[in-house]
Amino acid sequence: MRLVIFWAGIALLVFACVFPILWIVNLSLKPTELAQASPPAIFFTPTFEHFAVAWRSANLGPLLVNSVIVAVGSTLLVLLVSVPAAYSFARYETSRGHLLFMILSTRMMPAAAVVVPYFLIFRELGLLNTHAGVILAHAFFNFSFSTFVLYGFFKEIDPNIEYSAMIDGYGRLEILRRVIFPLLKPPIAVVTSFSLMFSWNEFLFAFVLTRTDAARTVTAGIEQFWTMTGIQWGPMSAAALIAIAPMLVFSIYLQKYIVRGLTFGAVKR
Amino acid sequence: MALDTSSDIPIAGRPAARRSAFGRLLDNDASFKWLLLAPAILFMLLLVVYPTLFAVTTSFEKYILPRKPSFAGLDNWRWVVNDASFWTAFGITLKFVVIAVVVEIVLGTLIALFLNRDFRGQTLVRGLCILPLVAAPFATSLAWRHLYNSDYGVINYALQAIGLPKVEFLADSSIALYSVIAIDVWQWTPLVVFVVFAALRGLPKEPFEAARIDGASAWFTFRRLTLPMIKPVLLIVAMLRLVEAFRVYDILYGTTRGGPGTSTETINWLIFREGFQYFDLGRATAMSVLVLLMVLVLTNLLYQQLVKAIREG
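As they're listed, the protein sequences go chains A and B. According to our numbering, the residues represented by the first sequence are 1 to 269, in order. According to our numbering, the residues represented by the second sequence are 270 to 582, in order.
Don't take every hint at face value.
What the hints assert, rightly or not - Straight-line alpha carbon distances no greater than 35 Å define the calculated DSBU-like cross-link-like pairs of lysine-lysine that follow: (1) A/Lys-155 to B/Lys-331; (2) B/Lys-331 to A/Lys-256; (3) A/Lys-185 to B/Lys-500; (4) A/Lys-155 to B/Lys-474; (5) A/Lys-256 to B/Lys-302.
Quick caveat, the hints were computed from the structure, so don't treat them as lab data. These figures come from a predicted structure and were not determined experimentally.
Bound-form chain A, shown alone (with noise of 0.2 Å):
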């Protein structure tokens, strides 16, 4: 008895998580006509029409080829400042925690915020409708929690390896190289998973600091199905499954990380 209650619980908790998102495959193969239909239609002949108009009028292709270059030259660029901050931070305590307290309180800033003065800064140096400019939106959210999560690692590392390495007559930039980047390789994943995920689902930014098609990601473009008639749901489901795809398939990866990532290194497994 008390088995049959587990799994019945189990089946309503995996059912609840899932439901949404199956329910985007089921509109996005259903034809037009039963999009809206009363009773909801659960069965009925798949249709890849909607795929087809998506991809065609949405431009999908190159939306998806601006999430990539967006969701990874922003993780570059994070990588680039973070490391080394962290690094700083974690080994000489620079500043007393002062400016890294600084830095964490930087994602606490409304999203709503920070997009004014974004998009006015953005529009005078010509940098709407850009991947730098998405890039730099997107680097800014992924900065703070990027820099805690290295800090964490490297609040671990124990210094006296690097104080060895020293006497033995290996120069900074040696030590950095050959004792410190081997033990880098976890946490750069875990920071690198979670920025390219960040980027790619933020919606916002990439919304109001783009226009046109030239850098919108593919998330923000899925909007364009939402006319002034009404949703195109048949087609905007299609867009939908495709955007959020690569993340539903990263997520096998991403679930070693899950934990560490989202906590900003502060829970360990």
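Given chain A's structure and the hints, the job is docking chain B onto it.
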């Protein structure tokens, strides 16, 4: 620091004379640590300090696109502070954040306790439960919009099938906020589950064995053993959720867009509307700066509480 290399003592095997100026900069701890921070400081100046200062100056201007800005003194600030919609939005935001975070923590902890055993297919179950976290919230909120619909939505269909009345999830102004909170709960509870689950797996076995031998009830064991031990983790995840919940935006855009009326208009939404629908950038930035100040004070207080709690725990 165990070893001080901040003087000009040459590092073994490397005569100082042969080092370049850059090399000497690297060898010196004091300069090296700031050199490492240089990109981060530049980054902060460009992407945080400058936009903030820009927002502060804009908040003192009459700036309605596409017209040019002109100095307006405290006009925007007076307007924001006296504006009922700002404070209404502030109240809605607080309500959203508090309810969402409390439900997520309680529900997430319960699910984590429920999952904390070994069973067949556990990896698969966890893998599926992670999906709400990784799918773009804007995309999934659109699915919710469809599910919530009163004419063709699946949820209303199911309610009516078991004899319950129709619910206007997104169109009824007394319900819409809770419907949006439910989406947030769906999206973020898995985070709490995963974090608490990891914490539970890391707990020592012995105290629980002892409690079992002493015949302690499940509730007593939870209250006196489990809860105190996972308290720091719960605080961390609560803090994290609190910060993120303030930023809620995507799921509003996908569902209610602040409506019906202003019943789901959070601060974030209000600023967005003022800035990008009315193009009143002066007012939008005045609100931004005010919110920024409030959030900074709030998180500072929370942060201190958190540090205290972790030290005591």
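Hint by hint, here is what the structure shows:
Note on A/Lys-155 and B/Lys-331: the hinted pairing is violated, with a Cα-Cα distance of about 48 Å set against a maximum of 35 Å. Taken as a hint, the B/Lys-331 and A/Lys-256 pair is broken in the structure, with Cα atoms around 51 Å apart against an allowance of 35 Å. For the suggested pair A/Lys-185 and B/Lys-500, the alpha carbons sit about 31 Å apart, so the restraint of at most 35 Å is met. Restraint check for A/Lys-155 and B/Lys-474: satisfied, since their Cα atoms lie roughly 28 Å apart, inside the 35 Å limit.
Of the supplied pair hints, the one linking A/Lys-256 and B/Lys-302 holds, its CA atoms being roughly 32 Å apart against a limit of 35 Å.
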